[in-house]
Amino acid sequence: MKSYRKELWFDIRRRREFVNITAEVRDCLRESGVREGLLLVNAMHITASVFINDDESGLHHDYEKFLERVAPHAPIDQYRHNDTGEDNADAHIKRQLMGREVVVAITDGALDFGPWEQIFYGEFDGNRRKRVLVKIIGE
Amino acid sequence: MKSYRKELWFDIRRRREFVNITAEVRDCLRESGVREGLLLVNAMHITASVFINDDESGLHHDYEKFLERVAPHAPIDQYRHNDTGEDNADAHIKRQLMGREVVVAITDGALDFGPWEQIFYGEFDGNRRKRVLVKIIGE
Amino acid sequence: MKSYRKELWFDIRRRREFVNITAEVRDCLRESGVREGLLLVNAMHITASVFINDDESGLHHDYEKFLERVAPHAPIDQYRHNDTGEDNADAHIKRQLMGREVVVAITDGALDFGPWEQIFYGEFDGNRRKRVLVKIIGE
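Sequence order for the protein chains is G, P and Y. Under our numbering, think of the first position of the first sequence as 1, with each following residue one higher. Under our numbering, think of the first position of the second sequence as 1, with each following residue one higher. Under our numbering, think of the first position of the third sequence as 1, with each following residue one higher.
Careful, some of the hints might be misleading.
Copies of the same chain look alike in the list, so a pair counts if it fits in one copy or across any two.
Calculated lysine to aspartate or glutamate pairs in the EDC-like style (CA-CA distance at most 20 Å, straight line) [to be verified]:
| hint | residue 1 | residue 2 |
| --- | --- | --- |
| 1 | Lys2 | Asp54 |
| 2 | Lys130 | Asp54 |
| 3 | Lys65 | Asp83 |
| 4 | Lys2 | Glu36 |
| 5 | Lys65 | Glu86 |
| 6 | Lys65 | Asp54 |
| 7 | Lys130 | Asp112 |
| 8 | Lys130 | Glu17 |
| 9 | Lys2 | Asp112 |
| 10 | Lys6 | Glu31 |
| 11 | Lys130 | Asp83 |
| 12 | Lys2 | Glu139 |
| 13 | Lys65 | Asp87 |
| 14 | Lys6 | Glu139 |
| 15 | Lys6 | Asp83 |
| 16 | Lys6 | Glu36 |
| 17 | Lys6 | Asp54 |
In case anyone wonders, no lab produced these hints; they're calculated from the structure. The model shown is predicted, which means the values in this text are computed figures rather than measured ones.
Turn these sequences into a full structure, and let the hints steer you where they fit.
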């Protein structure tokens, strides 16, 4: 069994943003040499997500609007977590809704994807350096 | 390490529906010959889900009602994604809430499930042929 | 390839609660002897979650409040599932939003975690004995 590990670093200059990381994940898979197996991509921070969906800016706007409607950032004093001095309680909720991680099948050395699947990093509390973990196991 | 791959195809004749795919996934596991390992089941389309819950029609009605309340299909012009000519922005949101994939433990050649766990395909934008991927790794 | 399996049992004396299970999962990993691989932790019951987030009581209050706002327990007759004699339809919805499972990378014999990641059992329909499955594969 082979295993491979890499961290991808992000420094998003806004509070919230979606970044397509599919190419970086494909580079990891190529480096790993794994032909058959499973690939895990997870946010290492608890106010960020990794998810798979469409690379379409209108949809990303709709996600942003949906998440702000169900778990708005402000007023920050509506959240008890923010009594600790943080202002990111909403980001912890948004990340749960969008998910921490994805697991992707590896077949014949490629991400075994449907036609529109793309992997995104979802930042919900930016302006700090944060990481995504790529872990691959297989043969 | 053994690996196994199969696509399950669906052609749901309504916009939204939940389909119990546990028996098909068990057939895959049997075909794979894997006794210990992990099994991934994921939607290959980004307006569909794979999730684990109860096979109870009342609950499925409640999921449908909940999802339509928090991310309604209409009016379709409330979503910027639909400016592209699509009418399925709500389906992309619903799929995120219900999830893309499940990972299931394989023990002694069986799905290692609690008493009520069943695997479902969740269609949120039907009337087209769509696929689910089953990938198994183990020994 | 090594594989390892353990059930963790819970008997939560309230309807809803979050329990930090990171130490128990670390014990499982140590017992498994796996140094490189993947670790799956999933609720075996469909009204409970396993998720990764912060061990901060204010945040847990915010999750509780958020989940009750979007999928309230009462009145129980708002849910068709509860016509079966159950009163836990809301718990099935809450569990979908928080997730069934997490998959964690194992590197050098440790959970490959970011600085604040902790694993939680999320109970949404307590007052009965319920289980979490820990499954580890690797070398």
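Hints, one by one, checked against the model:
1. Lys2 with Asp54: neither (30 Å within a copy, 32 Å between copies)
2. Lys130 with Asp54: So Lys130 and Asp54 pass the 20 Å test across copies only (16 Å; inside, 23 Å).
3. Lys65 with Asp83: between (25 Å within a copy, 15 Å between copies)
4. Lys2 with Glu36: both (10 Å within a copy, 9 Å between copies)
5. Lys65 with Glu86: between (22 Å within a copy, 18 Å between copies)
6. Lys65 with Asp54: within (16 Å within a copy, 25 Å between copies)
7. Lys130 with Asp112: between (27 Å within a copy, 15 Å between copies)
8. Lys130 with Glu17: within (13 Å within a copy, 29 Å between copies)
9. Lys2 with Asp112: Both. Shortest intra-copy (18 Å) and inter-copy (17 Å) distances satisfy the 20 Å Cα cut-off.
10. Lys6 with Glu31: within (10 Å within a copy, 26 Å between copies)
11. Lys130 with Asp83: The answer is neither: 23 Å in one copy and 33 Å across copies each exceed 20 Å.
12. Lys2 with Glu139: both (5 Å within a copy, 9 Å between copies)
13. Lys65 with Asp87: So Lys65 and Asp87 pass the 20 Å test inside a copy (19 Å) and across (17 Å) alike.
14. Lys6 with Glu139: both (17 Å within a copy, 18 Å between copies)
15. Lys6 with Asp83: Neither: 35 Å inside a copy, 38 Å across copies.
16. Lys6 with Glu36: Close inside one copy (18 Å) and across copies (13 Å); limit 20 Å.
17. Lys6 with Asp54: Cα proximity of Lys6 and Asp54: none, with 24 Å in one copy and 23 Å across.
When the structure is compared with the earlier hints, violations turn up for hints 1, 11, 15 and 17 and for no others.
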